[in-house]
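In the order they appear, the protein sequences are chains Z and D.
In this text, residue positions in the first sequence follow the numbering used here: the first is 1, and each later residue adds one.
In this text, residue positions in the second sequence follow the numbering used here: the first is 1001, and each later residue adds one.
Hints may contain errors.
[To be verified] Computed list of lysine to aspartate or glutamate pairs in DMTMM-like fashion (alpha-carbon distance at most 20 angstroms, straight line):
| hint | chain 1 | residue 1 | chain 2 | residue 2 |
| --- | --- | --- | --- | --- |
| 1 | D | K1082 | D | D1041 |
| 2 | Z | K94 | Z | D164 |
| 3 | D | K1062 | Z | E5 |
| 4 | Z | K23 | Z | D166 |
| 5 | Z | K94 | D | D1016 |
| 6 | Z | K206 | Z | E240 |
| 7 | Z | K206 | Z | E79 |
| 8 | Z | K67 | D | D1042 |
| 9 | Z | K328 | Z | E378 |
| 10 | Z | K67 | D | D1041 |
| 11 | D | K1002 | D | E1084 |
| 12 | D | K1062 | Z | E223 |
| 13 | Z | K250 | Z | D262 |
| 14 | Z | K140 | Z | E269 |
| 15 | Z | K470 | Z | D482 |
[As the list claims (entries may be wrong)] Residues from chain Z shown here face chain D by an in silico Cβ test under 8 angstroms; the list is partial:
| hint | residue |
| --- | --- |
| 16 | L56 |
| 17 | D80 |
| 18 | V172 |
| 19 | R175 |
Just so you know, the hints here were simulated from the structure itself, not pulled from any lab data.
A virtual CB, placed ideally from N, CA and C, is assigned to each residue, including glycine.
The chain contents come next:
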Amino acid sequence: MMTREEYFESLRKLNLKVYMFGKRVENPVDDPVIRPSLNSIGMTYELANQPEYEDLMTATSSLNGQKVNRFTHLHQSTEDLVKKVKMLRLLGQKTGSCFQRCVGMDANNAVFSTTYEIDQAHGTNYHENFKKFLNDVQLKDLVVDGAMTDPKGDRSLSPSKQPDPDCYLHVVERRPDGVVVRGAKAHQTGIVNSHEVLVMPTIAMKPEDKDYAISFAVPTDTEGIFMIYGRQSCDTRKLEEGADIDLGNKNFGGHEALVIFDNVFVPNERIFMNGETEFAGMLVERFSGYHRQSYGGCKVGVGDVLIGATALAADYNGAAKASHIKDKLIEMTHLNETLYSCGVACSCEGCPTKAGNYMIDLLLANVCKQNITRFPYEIARLAEDIAGGLMVTCPSETDYNTAELKPYIEKYLVGVEGISVEDRMRILRLIENISLGTAAVGYRTESMHGAGSPQAQRIMISRQSNLEQKKKLAKDIANIKD
Amino acid sequence: MKIGLKYCGGCNPVYDRTAAVEDLKSSLTDLNISFTPYRGDDTYDACLLVRGCNRNCVSDQKFSNCRRLFTAVCREDFDIIKKELHAWSE
Chain Z
1 MMTREEYFES LRKLNLKVYM FGKRVENPVD DPVIRPSLNS IGMTYELANQ PEYEDLMTAT
61 SSLNGQKVNR FTHLHQSTED LVKKVKMLRL LGQKTGSCFQ RCVGMDANNA VFSTTYEIDQ
121 AHGTNYHENF KKFLNDVQLK DLVVDGAMTD PKGDRSLSPS KQPDPDCYLH VVERRPDGVV
181 VRGAKAHQTG IVNSHEVLVM PTIAMKPEDK DYAISFAVPT DTEGIFMIYG RQSCDTRKLE
241 EGADIDLGNK NFGGHEALVI FDNVFVPNER IFMNGETEFA GMLVERFSGY HRQSYGGCKV
301 GVGDVLIGAT ALAADYNGAA KASHIKDKLI EMTHLNETLY SCGVACSCEG CPTKAGNYMI
361 DLLLANVCKQ NITRFPYEIA RLAEDIAGGL MVTCPSETDY NTAELKPYIE KYLVGVEGIS
421 VEDRMRILRL IENISLGTAA VGYRTESMHG AGSPQAQRIM ISRQSNLEQK KKLAKDIANI
481 KD
Chain D
1001 MKIGLKYCGG CNPVYDRTAA VEDLKSSLTD LNISFTPYRG DDTYDACLLV RGCNRNCVSD
1061 QKFSNCRRLF TAVCREDFDI IKKELHAWSE
């Protein structure tokens, strides 16, 4: 496994084409806007090399027998699925933000099992292709960006009916040695910090969408790939000289980007689906299922940080003993642990796929994610309630550090005795960061739309609700004869 | 005495596991004990399983490669383990 520093160095060797604020970023690794997100993934390496975390952070590979980072692992049991959720919670706690690496893990597990079943049906060789790719990922300890979401254009039209065919990534040329693809993937979490991008179709498809049913992996610096960095609320605070307090979370963060595939060549050995439209839905369902489970870990870990910050804010305000404050902290904890319960439950109820790796229970994973679309908002609302208005009206740290203003800020923003105004500002800025600053991208809107928007979960819940069996139960109890 | 040290993953510990282990080590300097990271293919006089809470994420059933297993699930357990190690080494 790589160390954190080796990971950083490995990224420097990539020739990524990244644009931000209208310019190409020459050195993404050291860019002050991007760097916190890199540090978050760095934590996945750092903890894996520490004995006190290795039980969650590492696993024994089913492909090569080596000790590997769990983010590259194929789940071999329900215990592995539970450990995944615990690992994600741990990383949320350590970074207070999105650490980006789960999406590749979820894509790997989904593609592994789907390629096996495509090969069974079509006699293709995708599963072996994928195993070779993943073995390399495991042994080199690489970060993989799982790329599913196409821009989608007019949502009422299928991929092949779009006015602009590039609204869904598709094959534009078939060659003896591979294919050429064109299109884009939106909202790509962690792509700038990834070594490889694993592309998957974004919806179930019909036979006429054959060119769009494509899955493959290529290095992120492959010719034709470029990224346009997604800006976040308060992002330019990171560019202010000496910024610290105002960032809330100076060291960690997440990122997304729009990734363009402008006539990218994919060699045959890196193709995992190519026209088998009837398997596109399976791949989407499996990836989204795993990713809906993931949120039952990562968002809970960030929630732990937010609850802790809120409790500190109450302490610093002198409000901690008020009964309604205690009750609100209980409610925040209750909501957060309910999310965790769903993540653990869908893992415990998992089952093996035909390929041998383990899937979560889809119904419970969708229930998990449906709650994720709601509870972090309520947790953030309660955090803002307890923190008070100062979390958004506090003077800047530049003002705080200005000699003629500091005495007044210290005088009028004081809380309980023994707590410095600076510490009070720090905790309020952290709450701001998670609830409406840069980390709110991950904690709030990503909770709503990441791994599928709320209605996508409701469709899955409806499909698996087993309503006929429930009707039968009611009839039996009520003595209704058919 | 060689003790294999095994931590749970630490997803939601109710105490500082590493600080507790460090305190235990420093309180046992009078004994000739070497703490080493636990590995399944090694052998030990004893193993110390450090859980962050009372959940059974790392099963105590897997430690067959040691003569004795100590398990801690809270800070107070380390006081008991310290006494037991002193008694055992006499």
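The hints, checked one at a time:
A threshold of 20 angstroms between alpha carbons decides the hint, and for D:K1082 with D:D1041 the separation of about 26 angstroms lies outside it, so the pair is violated. At most 20 angstroms may separate the alpha-carbon atoms for a hinted pair to count; Z:K94 and Z:D164 exceed this at roughly 43 angstroms. At most 20 angstroms may separate the alpha-carbon atoms for a hinted pair to count; D:K1062 and Z:E5 exceed this at roughly 33 angstroms. Using a Cα cut-off of 20 angstroms, the hinted pair Z:K23 and Z:D166 is violated, with the two alpha carbons roughly 24 angstroms apart.
At roughly 14 angstroms between alpha-carbon atoms, Z:K94 and D:D1016 fall within 20 angstroms of each other, so this suggested pair holds. Only pairs whose Cα atoms come within 20 angstroms are accepted, and Z:K206 paired with Z:E240 is rejected, the gap being roughly 51 angstroms. Under the criterion of a C-alpha separation no larger than 20 angstroms, the hint pairing Z:K206 with Z:E79 is inconsistent with the structure, at around 36 angstroms. For the given pair, Z:K67 sits about 16 angstroms from D:D1042 by alpha-carbon distance, which is consistent with the 20 angstroms threshold.
A threshold of 20 angstroms between alpha carbons decides the hint, and for Z:K328 with Z:E378 the separation of about 10 angstroms falls inside it, so the pair holds. A distance of roughly 13 angstroms separates the Cα atoms of Z:K67 and D:D1041; the hinted pair therefore holds under the 20 angstroms criterion. Proposed proximity of D:K1002 and D:E1084 is supported: the alpha carbons are some 15 angstroms apart, at most 20 angstroms. A hinted pair counts as satisfied when its Cα atoms are at most 20 angstroms apart, and D:K1062 with Z:E223 does not qualify at roughly 49 angstroms.
For the hint pairing Z:K250 with Z:D262, the CA-to-CA distance comes to about 35 angstroms; that exceeds 20 angstroms, so the pair is violated. Between Z:K140 and Z:E269 the CA atoms are separated by roughly 18 angstroms; this keeps the pair inside 20 angstroms, and the hint holds. Restraint check for Z:K470 and Z:D482: satisfied, since their Cα atoms lie roughly 15 angstroms apart, inside the 20 angstroms limit. Interface restraint check: Z:L56 against chain D, minimum CB-CB distance 3 angstroms, threshold 8 angstroms, status holds.
Contact between Z:D80 and chain D, as hinted, is not supported at the beta carbon level, the nearest pair being about 12 angstroms apart and thus beyond 8 angstroms. The interface hint given for Z:V172 is broken, as the beta carbon of that residue sits about 45 angstroms from the closest beta carbon of chain D, more than 8 angstroms. Checking Z:R175 against chain D: minimum C-beta separation of about 46 angstroms lies over 8 angstroms; hint violated.
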